[in-house]
Amino acid sequence: IHHIMQGPRRRRAPPAMLRPFPATAHHRCTLLLLLTVTLLPSLAAAAAAHHQHLHDHAAGDGVVISQADYQGLQAIKHDLTDPYAFLRSWNDTGLGACSGAWVGIKCVQGKVVAITLPWRGLAGTLSERIGQLTQLRRLSLHDNAISGPIPTSLGFLPDLRGVYLFNNRFSGAVPASIGNCVALQAFDASNNLLTGAIPPSLANSTKLMRLNLSHNTISGDIPSELAASPSLVFLSLSHNKLSGHIPDTFAGSRAPSSSLKESITGTYNLAVLELSHNSLDGQIPQSLAGLQKLQVMDLSGNRLNATIPDRLGSLADLKTLDLSGNALTGEIPASLSNLTTTLQAFNVSNNNLSGQVPASLAQKFGPSAFAGNFQLCGYSASVPCPASPSPAPSAPASPVQGVETTGRHRKFTTKELALIIAGIVVGILLLLALCCLLLCFLTKKRSGSGGKQTTSSKAAGGGAGGAAGGGRGEKPGSGAAEVESGGEVGGKLVHFDGPMAFTADDLLCATAEIMGKSTYGTVYKATLEDGSLVAVKRLREKITKGHKDFESEAAVLGKIRHPNLLPLRAYYLGPKGEKLLVLDF
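Residue numbers for the sequence shown, in mature numbering (1 follows the signal peptide of the UniProt record, and there is no 0): -46 to -1, 1 to 539.
Keep in mind the hints are simulated off the structure, nothing from the lab. Misleading hints may appear alongside valid ones.
In silico lysine-lysine, DSSO-like type, Cα no more than 27 Å apart, as pairs [said to hold, decoys possible]:
1) K502 <-> K513
2) K471 <-> K60
3) K513 <-> K499
4) K446 <-> K499
5) K471 <-> K499
6) K273 <-> K161
7) K499 <-> K530
Using C-beta positions, here's what the derived DEER-type ranges look like [stated by the list, open to error]:
8) G75 <-> K195: 51 to 61 Å
9) G75 <-> N306: 39 to 49 Å
10) P103 <-> K195: 17 to 27 Å
11) S268 <-> N306: 46 to 56 Å
12) A29 <-> P529: 17 to 27 Å
13) Q237 <-> P103: 30 to 40 Å
14) K195 <-> L396: 31 to 41 Å
15) F328 <-> R257: 11 to 21 Å
By construction, the Cβ of each residue, glycine as well, lies at the ideal position given by its N, Cα and C atoms.
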C-alpha cells in the first residue's frame, strides 16, 4: 500500500484527497474496498468503547449517569405524582443528571449520592427501585404528600447516612431492614401514618444519633435493644400508641412487656428523651438519673404511677422536665430544687401528688406547673398549706432585775426594746457592708482574669462569640467531645455536649443567613434539615491559628458552661482549611 501511495511522480500532483490512490479507476475502487473492510470493525469497536466510557464514567461532566442509577431514578419519577413539574428535568436520555440539571440530584463519579426534594408538593409512592442507587447517602423528601410504605430496599444501601421523610403520608411499619444501614446517623419519619412496632433491629445502626418517629400510630413497647443504644443523642417517640409497664427487676431486664426500659440508661449520650402522649404505665425508673447529659425529659400524657424518683435531682444539665398528665403520687422530691438554676421548663400538673411544693420551684414556675394535684399545696397564695401546730410554751424564765413578769409571758421594758431594735439595725448594716465588700472583691477578681481569657476566646469566637466569651468566671463542663468524619465532602466535625445531633452533611447543606461580620470572621444563622436553628461562625483563614492550636482552644471553649454565655456545641475543620464554630442560636 505504501508503494501504491507514492504514485507516479512525473505527473502533476493530484488533489490531496486523491494522492494515495493510483491513477486507474480499477485500482481506486479496489483500494477503497480494501480500506473499508479493514478499518470498519476497528472503527465500530472504538465507537462502542467510547460510548460505554461516556455512559459509565463521564457523569461527573454532566453527560449521563450509570445505567443502574438512571433506571432507578426513572422508576422513582414514574411512581411519584409531580403536579408542579419539578421532575421535568429528569429527562429520558440521562444527560445532565450529574451536572446540576436534574432537580434535587447530586452525584459523585457518576453515582447518585443525594436526593433532596423537600417542599415540592410530591405525591404518589416511593419506588422500591431506590435500592438500585447503591451509593446513596442522603434521602430528603420531607414536607410532601408521599404515601405508601417506606421502601424495604433502603436497608440495602450501606452508605445511607440521613433519611428525612417527616411530614408526609407514609403508612405501614418501619422496615426492619433499616437496621442494616451501618452508617445511618439520622432517621426522621415523624408526622406520618406509620403503624406496627418499632423494630429492635434499629439498634444495629451503631452510629444512629437521631431517631424521630413521633406523631404516628406506632404501637407495642420500646425495644430494650434500642433503648440501650449508646450512640443515641435524640430520641422522640411521642404521640404514638406505645404501651407496657416496667418489670419488677431492672438489672438486665428484657421482659417483653416492659415499658420505659431501665436499660435506657445505656444511652449515656442521650440529651433529648421525648416519650409523651402514649399509654406507658408503671413507675419512672430511678436509673434515668444515669443520663447525665440529659437536657430534655418529656414523659407527659401517659399512665405512669408511683412516686417521682428523687435521683432525678442529680441531672445537672436538665433544662426541661415535663411529667404532667400522669398518675404520679407522693411528694415532689426536695432534690429537684437543685435544678432551679438550669431548669427552664417544669410541669407536674394533673397528677395525684401531695404535700408541699419546694419553695424554689413554686417561685420560679408559678401555679400552672402544679395545678390539678388536689392534695398539693404551697405553690400559690390561694392554695396555702395548713398551718403547723404551735409549739408548747416554755417554762417561765427566772425573774431578772428591771423585767416584769406577768403569768407565763415575759414583758420587756422600753429601754430593752430600744436596745434590741438598735442591735438588729446595726447587724443589718454590717451585713450589707460585708456584702458590698465581697461584691467589689469578686468584680475586681473577675476583671483581672477576664483579660487573660479574651485572647483565646476571640481566636475561637471572634465578633459576637468573642464578646460573649470574654472571661466571666466560666465553669467547665464535664462532657467529652465526640469526633465524626466530615461526610461526603471530607473534613472533621467534633461535637460537644448538647441536644443537637447533626452530621457534617447536615451542617454544610443548611440554609444560611448572614447575621454579622467582624475582624475574625462572619456569623451566620443556619437552619438545619430538621428545622433546628444554630449560629455558625466561619473564621477568616489568614487570622486564625493552625489546626492544632485551633482544636486545642476549641476543646477548651467546648467545656465552658455559663448562664451568660452561648455554649460551643461543635466545630468543623474542612478539607481546605475551613474553620467553623457552631453555637446555640
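Here's how the hints hold up against the structure:
no. : hint                      : verdict
1   : K502 <-> K513             : holds (17 Å)
2   : K471 <-> K60              : violated (31 Å)
3   : K513 <-> K499             : holds (20 Å)
4   : K446 <-> K499             : holds (17 Å)
5   : K471 <-> K499             : holds (19 Å)
6   : K273 <-> K161             : holds (26 Å)
7   : K499 <-> K530             : holds (14 Å)
8   : G75 <-> K195: 51 to 61 Å  : violated (30 Å)
9   : G75 <-> N306: 39 to 49 Å  : holds (48 Å)
10  : P103 <-> K195: 17 to 27 Å : holds (19 Å)
11  : S268 <-> N306: 46 to 56 Å : violated (25 Å)
12  : A29 <-> P529: 17 to 27 Å  : violated (34 Å)
13  : Q237 <-> P103: 30 to 40 Å : holds (37 Å)
14  : K195 <-> L396: 31 to 41 Å : violated (54 Å)
15  : F328 <-> R257: 11 to 21 Å : holds (18 Å)
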